[in-house]
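For the protein sequence lines, the chains are A and B, in the order given. The first sequence runs contiguously to residue 339 in the UniProt record's numbering. The second sequence runs contiguously to residue 348 in the UniProt record's numbering.
Note that these hints are calculated values from the structure, not bench results. It cannot be assumed that every hint is accurate.
[As the list claims (entries may be wrong)] Cross-link-like lysine-lysine pairs, in silico, BS3-like; alpha carbons within 25 Å at most:
hint: 1; chain 1: B; residue 1: LYS345; chain 2: A; residue 2: LYS45
hint: 2; chain 1: B; residue 1: LYS345; chain 2: B; residue 2: LYS76
hint: 3; chain 1: A; residue 1: LYS177; chain 2: B; residue 2: LYS345
hint: 4; chain 1: A; residue 1: LYS160; chain 2: B; residue 2: LYS156
hint: 5; chain 1: B; residue 1: LYS204; chain 2: B; residue 2: LYS290
hint: 6; chain 1: B; residue 1: LYS240; chain 2: B; residue 2: LYS177
hint: 7; chain 1: A; residue 1: LYS160; chain 2: B; residue 2: LYS276
hint: 8; chain 1: B; residue 1: LYS260; chain 2: A; residue 2: LYS177
hint: 9; chain 1: A; residue 1: LYS45; chain 2: B; residue 2: LYS76
Spelled out from the first residue to the last, the chains are:
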Amino acid sequence: MITETAPPEVRKESRRRLRLDDNAIRNLGLVGVLVLLIIVGIITKPDLYSDPTWVRNNFLTILQQASAIGVVTVGMTFVIIGGGIDLSVGAIIALAGVWATTLATQSYGAGGMIFTALVVGLAVGLVNGVLISYGKLVPFIATLAMLVAARGLAAQISGKQTQVSTNMTINDIASTKLLGIPLLVWILGLVVAAGWVLLNRTTFGRRTVAVGGNPEAARLAGINVKRHTLLLYALSGLCCGIAAIMLTSQATSAQAAMANLYELDAIAAAIIGGTLLSGGRGTIVGALFGVLVFSTITNLFAINNLSTEVQNMVKGAIIVVAVLIQQFRYRSLTQLLKR
Amino acid sequence: MSALSRRRVLFGGAAVGAGALLTACTSNTPENNAQVNTNTDASANPNAAPGSKVIIGFSAPAADHGWLAAITNNAKAQAQAYTDVEFRPVEAGADAAAQRAAVSTLISQKPNVIVMLPHDGKELNAAGLEAMNAGIPVVNLDRAFPSMAAYRLQIKGDNFGMGLAAGNYISEQLKAKGVSNPIIGEIPGIDSLELTQERSLGFKTALEAHGFKVANRRPAEFTADSGQAAATALLQALPKMDALWNHDDDQGIGVLAAIKQANRSEFFMVGGAGSKAAIDQIAADNSVLKATVTYSPSMASSAISLARLIGQNKGMSDLVELQVPKEITLASETITKDNASQYAKLGF
Chain A
1 MITETAPPEV
11 RKESRRRLRL
21 DDNAIRNLGL
31 VGVLVLLIIV
41 GIITKPDLYS
51 DPTWVRNNFL
61 TILQQASAIG
71 VVTVGMTFVI
81 IGGGIDLSVG
91 AIIALAGVWA
101 TTLATQSYGA
111 GGMIFTALVV
121 GLAVGLVNGV
131 LISYGKLVPF
141 IATLAMLVAA
151 RGLAAQISGK
161 QTQVSTNMTI
171 NDIASTKLLG
181 IPLLVWILGL
191 VVAAGWVLLN
201 RTTFGRRTVA
211 VGGNPEAARL
221 AGINVKRHTL
231 LLYALSGLCC
241 GIAAIMLTSQ
251 ATSAQAAMAN
261 LYELDAIAAA
271 IIGGTLLSGG
281 RGTIVGALFG
291 VLVFSTITNL
301 FAINNLSTEV
311 QNMVKGAIIV
321 VAVLIQQFRY
331 RSLTQLLKR
Chain B
1 MSALSRRRVL
11 FGGAAVGAGA
21 LLTACTSNTP
31 ENNAQVNTNT
41 DASANPNAAP
51 GSKVIIGFSA
61 PAADHGWLAA
71 ITNNAKAQAQ
81 AYTDVEFRPV
91 EAGADAAAQR
101 AAVSTLISQK
111 PNVIVMLPHD
121 GKELNAAGLE
131 AMNAGIPVVN
141 LDRAFPSMAA
151 YRLQIKGDNF
161 GMGLAAGNYI
171 SEQLKAKGVS
181 NPIIGEIPGI
191 DSLELTQERS
201 LGFKTALEAH
211 GFKVANRRPA
221 EFTADSGQAA
231 ATALLQALPK
241 MDALWNHDDD
251 QGIGVLAAIK
261 QANRSEFFMV
271 GGAGSKAAID
281 QIAADNSVLK
291 ATVTYSPSMA
301 SSAISLARLI
311 GQNKGMSDLV
321 ELQVPKEITL
331 ASETITKDNA
341 SQYAKLGF
């Protein structure tokens, strides 16, 4: 008996180790890309990179510009690992931002504004989740509808105007530094850490992977798939609420057209970070590196005064290459395991 | 009571409370600062005397930006200032096709004049022709129809002139300061738009005349958050800058926020369009924003006034001609601290 059960155990163990290695290799690859981008920066702009103060400032700027989209990407990564997609994140940010900056909300002070943004984000996420898990709508359609509707409602509330935040506590979030590091970067760090723990160290995370990998098997294993899916979209909505406050603080205002195309940036960052679009696999750290790669490219193109058209083409190419590598490696890995 | 239902009651109560609080939070009372010509003293201006009744049909794209919102508000407010004008707005819908349908409906209602700001001049050209052929004079606002037969009057802003004005102001200021090799930044709006390209060309032309050039150019998307992102990137790329032109005052809110966040003040900035917030800031003179070049939505108010004159078969009283001219291009004006008080009422 014992000798018979041993081989599958060993195989399972080796498979797990291989998968871990696979993630580590991918993350190392993304670090390599980041280093490469910075080296290109050093070669093309040696005068800027020779000033240590500027270099330090530049890294902090890259992190700061990645902070809001990074928070959104953490939520997006959960949704995609869970087998879904959320196209409405940019629209949720706009709605939460606009709702939090109406004159009425601003009269409640910073606490009221933050509360409003978080609750609006969470509520819209819950609506997405209910439509998808209980209304049985395809995630693509449900969140596409939400994209249009939430931006519409945001335009309705704001009267299509840019709503300026006069609350200095909110506006100062973007310029505050703790231990020399911008508060926005701390927020990103906290969300990423919480996301990592949630995905890798809790049953919620294990269930997310199970639901995304094989929903039917997850259901048979006793997971309430519908409720879990609902919670994933609520989590994404909550992340958007946090991002709305961060962006509002950075722009000292909110409007219905803000966070334009954030959904695409977040999905792209999650994908190049190694999250499988069909669900069941993905990492938070990889997604963070994905965001940083995009933010670093933007920075590299800015310091060299290159046009944003070329920048978008490079971004597109990186997404395609990342997915190609991912498919190639995943296929060869599964073949290796079958042998 | 089981633990689960108690939890449900708690969550349910919290949700209802949050919902009630949130619905209270959507109220917004924006200040109304429409730009209206209120000179209705008939003894000073014979054109101001009430004449025959004019029905003015109006169609403009749904506003997604402060400038477009001001266009519609101005047209409405100006029409209300006349006792002999009936204002008949139609929703332009989401795109050119929807606006074409809306204008067709409008034509069937036979207004005396139609004022139209098209989604796209080329795509709505046929709608303009249709109205003109039906005997309804068309006032083409801002986005130009290519066919001269499609409008009775074209009134628009000057994008090239805006860039020219910004470039000239920046060059003169730098010359006055004695900066010989200045580092100049530019933050345009959506780069694929023709109007953005015209503005940038005007800016480049003016700078070249003084032997200057743009050191770095980071496009935004006419929104404050995109302005913040573009300005942050630009400031990082240019550790020292002498002057900055930002094409649009709405995205300028974000640009100014980024400048403050980066703690930079060694340069001066020129805005674009002429929003009320920007004019106030220029007057207060407490930020890097020292000037803005106008592209004023007051053109909508003027379009209504001229549409009324066309409908009443009158000319502009200061001109010899008995009819309103066919084309008017507003001059882009430079608002600085010195003349900000005059322009305060024109800010949108």
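Tested hints:
Of the supplied pair hints, the one linking B:LYS345 and A:LYS45 is violated, its CA atoms being roughly 46 Å apart against a limit of 25 Å. Simply put, B:LYS345 and B:LYS76 have alpha-carbon atoms about 17 Å apart, close enough for the 25 Å limit, and the pair holds. A C-alpha spacing of about 39 Å is found between A:LYS177 and B:LYS345, which places the hinted pair above 25 Å, so the restraint is violated. The suggested pairing of A:LYS160 with B:LYS156 holds, with an alpha-carbon distance near 22 Å, which does not exceed 25 Å.
For the hint pairing B:LYS204 with B:LYS290, the CA-to-CA distance comes to about 20 Å; that is within 25 Å, so the pair holds. Simply put, B:LYS240 and B:LYS177 have alpha-carbon atoms about 16 Å apart, close enough for the 25 Å limit, and the pair holds. The hinted pair formed by A:LYS160 and B:LYS276 meets the criterion: a straight-line CA distance of about 16 Å does not exceed 25 Å. Taking the CA atoms of B:LYS260 and A:LYS177, the gap is near 14 Å; set against the 25 Å cutoff, the hint holds.
Between A:LYS45 and B:LYS76 the CA atoms are separated by roughly 53 Å; this puts the pair beyond 25 Å, and the hint is violated.
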